[in-house]
Amino acid sequence: RLGVVAPTTREVLIAVGVALLLVPAVMLLEAGANLIGLGADADVESLTEQLIGPLFQTPLGILSIGLAAGIGEEIVFRGAMQPRFSLVLTALLFALLHSNYGITLSTGIVFLLGVVLGIIRSRFNTSTAMITHAVYNSTLALLASLAGQFLSNQ
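Under this note's numbering, the first residue of the sequence shown carries the number 297, and numbering increases by one thereafter.
The hints are simulated quantities; they were obtained by calculation from the structure and are not laboratory data.
Think of the CB as a built atom: it goes at the ideal place given N, C-alpha and C, for glycine as much as any other residue.
Incorrect hints may have been included.
DEER-style ranges, computed between Cβ atoms [as the list claims (entries may be wrong)]:
1) L331 / V301: 35 to 43 Å
2) R306 / P355: 23 to 31 Å
3) A443 / L385: 30 to 38 Å
4) S418 / Q346: 30 to 38 Å
5) G398 / L317: 25 to 33 Å
6) A443 / G328: 12 to 20 Å
7) Q346 / T305: 37 to 45 Å
Generate the whole structure from the sequences, applying the supplied hints.
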């Protein structure tokens with residue numbers, strides 16, 4: 297029922313490809329939100345940095361960020377909830393979980409991410425959604441780590 301199965305090579309490739317397409321798409325949407333003053337709250341961003349910032353310092357931390365959310369959230373949202381509730385309601389709950397003390401345009405972007413992950417779950421299985429989510433998060437964490445290193449060397 298959870299849809300956790302051994303993924304095929306095709307499913308792994310699709311998951312990685314979708315994740316690598318989502319990264320620049322979400323980055324562009326976030327940049328646009330910031331340009332028009334609808335980005336994430338600076339206080340929330342600062343708190344998030346304090347809480348998980350140290351994980352961005354090591355390869356194991358970056359991998360942990362990707363795997364923990366990718367596996368855990370996908371089992372709960374796409375595996376357990378989506379079959380009982382609708383894709384849209386599950387994506388909405390996923391976005392609300394990530395709203396971090398306020399509803400912003402970023403919450404809408406996370407909702408869209410939840411819809412994409414839900415479509416992947418519907419068309420393939422939860423395992424493919426897990427891989428997509430894990431690669432997406434790991435890629436963002438790696439880019440954040442590299443950006444932090446670059447900025448600290450300036």
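For each hint, the structure was consulted:
no., hint, verdict
1, L331 / V301: 35 to 43 Å, "holds (42 Å)"
2, R306 / P355: 23 to 31 Å, "holds (28 Å)"
3, A443 / L385: 30 to 38 Å, "holds (35 Å)"
4, S418 / Q346: 30 to 38 Å, "holds (37 Å)"
5, G398 / L317: 25 to 33 Å, "holds (28 Å)"
6, A443 / G328: 12 to 20 Å, "holds (18 Å)"
7, Q346 / T305: 37 to 45 Å, "holds (40 Å)"
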